[in-house]
Amino acid sequence: MRRTISRLAILVSLVAAFVAGPAAAQTLNVEIANGLKTATPIAVVPFAQEGGAPLPTDVADVIRADFNRSGKFRSLDKADIVEAPSKGADIKFATWRLLKQDYLTIGRIIDAGGGMIRVEYELWDVNRQQSLLAQQFTAPAGDLRGVAHQIADQIYEKITGVRGAFWTRIAYITAVGVGNNTAYSLIVADSDGFNPQVVARSRESLLSPAWSPDGTKLAYVSFESGNSAVYVQNIGTGSRSLIASHPKGINSAPAWSPDGTKLAVSLSYVGNPEIFIIDVASRTETRVTNNFAIDTEPTFTPDGQSLIFTSDRSGKPQLYQTSISGGNATRLTFQGGFNASPSVSYDGKQIAMVQGNGNVYRIAIMDRSLGNQVRFVSPGNVDDSPSFAPNASMLLYAASQGTRGVLYAVSADGLVRQRLVLSDGDVREPSWGPYRQR
Numbered sequence: 009m010r011r012t013i014s015r016l017a018i019l020v021s022l023v024a025a026f027v028a029g030p031a032a033a034q035t036l037n038v039e040i041a042n043g044l045k046t047a048t049p050i051a052v053v054p055f056a057q058e059g060g061a062p063l064p065t066d067v068a069d070v071i072r073a074d075f076n077r078s079g080k081f082r083s084l085d086k087a088d089i090v091e092a093p094s095k096g097a098d099i100k101f102a103t104w105r106l107l108k109q110d111y112l113t114i115g116r117i118i119d120a121g122g123g124m125i126r127v128e129y130e131l132w133d134v135n136r137q138q139s140l141l142a143q144q145f146t147a148p149a150g151d152l153r154g155v156a157h158q159i160a161d162q163i164y165e166k167i168t169g170v171r172g173a174f175w176t177r178i179a180y181i182t183a184v185g186v187g188n189n190t191a192y193s194l195i196v197a198d199s200d201g202f203n204p205q206v207v208a209r210s211r212e213s214l215l216s217p218a219w220s221p222d223g224t225k226l227a228y229v230s231f232e233s234g235n236s237a238v239y240v241q242n243i244g245t246g247s248r249s250l251i252a253s254h255p256k257g258i259n260s261a262p263a264w265s266p267d268g269t270k271l272a273v274s275l276s277y278v279g280n281p282e283i284f285i286i287d288v289a290s291r292t293e294t295r296v297t298n299n300f301a302i303d304t305e306p307t308f309t310p311d312g313q314s315l316i317f318t319s320d321r322s323g324k325p326q327l328y329q330t331s332i333s334g335g336n337a338t339r340l341t342f343q344g345g346f347n348a349s350p351s352v353s354y355d356g357k358q359i360a361m362v363q364g365n366g367n368v369y370r371i372a373i374m375d376r377s378l379g380n381q382v383r384f385v386s387p388g389n390v391d392d393s394p395s396f397a398p399n400a401s402m403l404l405y406a407a408s409q410g411t412r413g414v415l416y417a418v419s420a421d422g423l424v425r426q427r428l429v430l431s432d433g434d435v436r437e438p439s440w441g442p443y444r445q446r
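The numbering of the sequence shown is my numbering, which starts it at 9 and goes up by one.
Certain hints may be false.
Said to hold, decoys possible - Listed next, with one range per pair, are the computed distances between beta-carbon atoms:
1. 233 <-> 278: 12 to 22 Å
2. 309 <-> 222: 16 to 26 Å
3. 92 <-> 421: 24 to 34 Å
4. 379 <-> 445: 29 to 39 Å
5. 86 <-> 421: 19 to 29 Å
6. 209 <-> 103: 46 to 56 Å
7. 290 <-> 135: 55 to 65 Å
8. 379 <-> 331: 14 to 24 Å
9. 377 <-> 247: 34 to 44 Å
10. 387 <-> 169: 27 to 37 Å
11. 357 <-> 141: 23 to 33 Å
12. 323 <-> 147: 49 to 59 Å
13. 213 <-> 244: 22 to 32 Å
14. 122 <-> 278: 54 to 64 Å
What the hints assert, rightly or not - Calculated cross-link-like contacts (lysine-lysine; reagent style DSSO-like; alpha-carbon spacing at most 30 Å):
15. 86 <-> 45
16. 166 <-> 45
17. 166 <-> 357
18. 357 <-> 45
19. 108 <-> 86
20. 357 <-> 324
21. 166 <-> 108
22. 100 <-> 45
23. 256 <-> 324
Quick caveat, the hints were computed from the structure, so don't treat them as lab data. Where a beta carbon is used, it is the ideal one built from N, C-alpha and C, also for glycine.
Use the sequences and the hints to build the structure in full.
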C-alpha cells in the first residue's frame, strides 16, 4: 500500500498546493514463499537434445517453474525424476504411477539448422496411459524461454480448460539511488522476471505503468517536466506521445479502455482530482466524475461501459463504480476502513484491491459472483499495487521489505507466493500485461 498512500499523499499535497534497451544487472530472482501440497502432480522430464551446440535454456526447468508458481500444479522435483523418455513408446507408466504423478510431459529438441531449433513435446495422462497433446515449435535457439512458456500455456489450458498466462509480460518501475541522485526506470520483463528491458529512464519519478490491450504500448506518468504528465509509449519503437499535461494540477493514474482507443485518468486542473476519459487519437477529454472528494485510480470494466475507481468521498478511500457517461457512483467496498488500487479480472467477477486496517495493508480479492465475499491473498504489512494476470489465475503486487520495495506473484487463492527480488534498487508499481498473440 505504499504506492497508494504515497499517491494519495501526492494528490492531497498537490491539490492543496496545487528509450528501449537491456536492463543492466536487473534480473529478477524467483523464490517460492509457500506452496500447495494438494496441487495436481505433474512430471516434466528433461527434454532430449538431438544435435547442435549446448543450449542456453533448459526448457523443462522453465516449464516446471511455470507450473509451480501457478498454484494449480506441483512439478516433480528434477532430482526425483528416475527416467527420461523422449517418445511415448518409451514411457513406463508404472514408474510414474509409483511416483504418484497424474500427468507426464516429455520432449525433444532438434537442431533445425540456420540457428533454428525445433521443440517437440507430448503430454500424457499417466493413469489412462493416454496422449493428450503432441505439438511442436520452431524458433531461434535464443527464444527457448518463450517456447517453454508457450508449452506450459498449452498444457495448462489442456488440463484446466483455462488459457495459460505464462507467455506474457510484466512492467514495473525501479528506483536506484538516494534523494536527488535517484534514477528511475520503466522496465518490461517476461512474466517470470527474466529478460528485463528498459523502456524509459528518468531522474524524476515514474508512476503507474498500464498496458494497452494489444500489448504494444504502455501508458505511464512522468514528472520529468517538473509536473506530472501522462505519456503513451510504443514498446517496440520507443516513440512516445504526450496525452495529458495540465500545468495547474495533477495528471495521473492512466488506464486503457478494452478497445485500446481511450485512457481513463485522474486530473485535478478543475480544482480537485476527478476522473476523465481521454480519446488517445484526438486528445478529447470527457469528464466522468464531479465530486468534492479525491477520485483517482480508475479502471475499466471488461465491457468498457463502467469505471471502478478509488474515492474518499465517504471520508476514507473506498472503491466505487460509475458509468463512463457519469452520473451517480455506487460504493462497492464496505469491509475495512481503506480500500484502494482496484484491478478487475478479465470476466469482471473479481476485483483485487489494497485493503487497510490500522497499519496493516494487504492485497484482497472481492468476488462479485459470491456476494462480494473478500479473501486476503497477501500477509501485509505494507502491500500495494495488485495487478491480475490476463486469466486471473495469479496477480502481481508490490511489498516493502526493510527499506526496499519488492514484487510478489501470488496465485488467486493465495496459497502459492513467489518473491521477485531485484538485484539492485527499489522495485514498485507492477502491471501484468495482456496475452501475447499466438
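**Request:** Could you see if the CB distance from residue 209 to residue 103 stays within 46 to 56 Å?
**Result:** For residue 103 against residue 209, whose Cβ atoms are near 52 Å apart, the range 46 to 56 Å holds.
**Item:** Pairwise beta carbon distance, residue 92 to residue 421, judged against the given window 24 to 34 Å
**Value:** holds, 32 Å
**Prompt:** Does residue 357 pair with residue 324 here, judged by a C-alpha cut-off of 30 Å?
**Reply:** Cα-Cα ~24 Å, so holds.
**Asked** Has the given pair, residue 166 with residue 357, been kept, meaning a C-alpha gap of at most 30 Å?
**Response** Holds - the C-alpha atoms of residue 357 and residue 166 are around 23 Å apart, at most 30 Å.
**30 Å limit on alpha-carbon distance, applied to hinted pair residue 166 and residue 108** = Within the cut-off at roughly 20 Å; holds.
**Prompt:** Is the gap between the beta carbons of residue 309 and residue 222 within 16 to 26 Å?
**Reply:** holds, 19 Å
**Verdict for residue 122, residue 278 (Cβ pair) under range 54 to 64 Å** = The hint (54 to 64 Å, Cβ to Cβ) holds, given that residue 122 and residue 278 are roughly 59 Å apart.
**Request:** Verify the proposed pairing of residue 86 with residue 45, using a straight-line Cα cut of 30 Å.
**Result:** holds, 17 Å
**Beta-carbon spacing of residue 233 to residue 278 - inside the hinted bounds 12 to 22 Å or not** = holds, 20 Å
**Asked** At the C-beta level, are residue 323 and residue 147 separated by a distance inside 49 to 59 Å?
**Response** holds, 55 Å
**Request:** Compare the distance between the alpha carbons of residue 100 and residue 45 with 30 Å, and conclude whether the hinted pair is satisfied.
**Result:** holds, 25 Å
**Given hint residue 324 paired with residue 256 - CA-CA distance at most 30 Å** = The given pair, whose Cα atoms are some 25 Å apart, holds under the 30 Å limit.
In summary, this structure violates none of the numbered hints.
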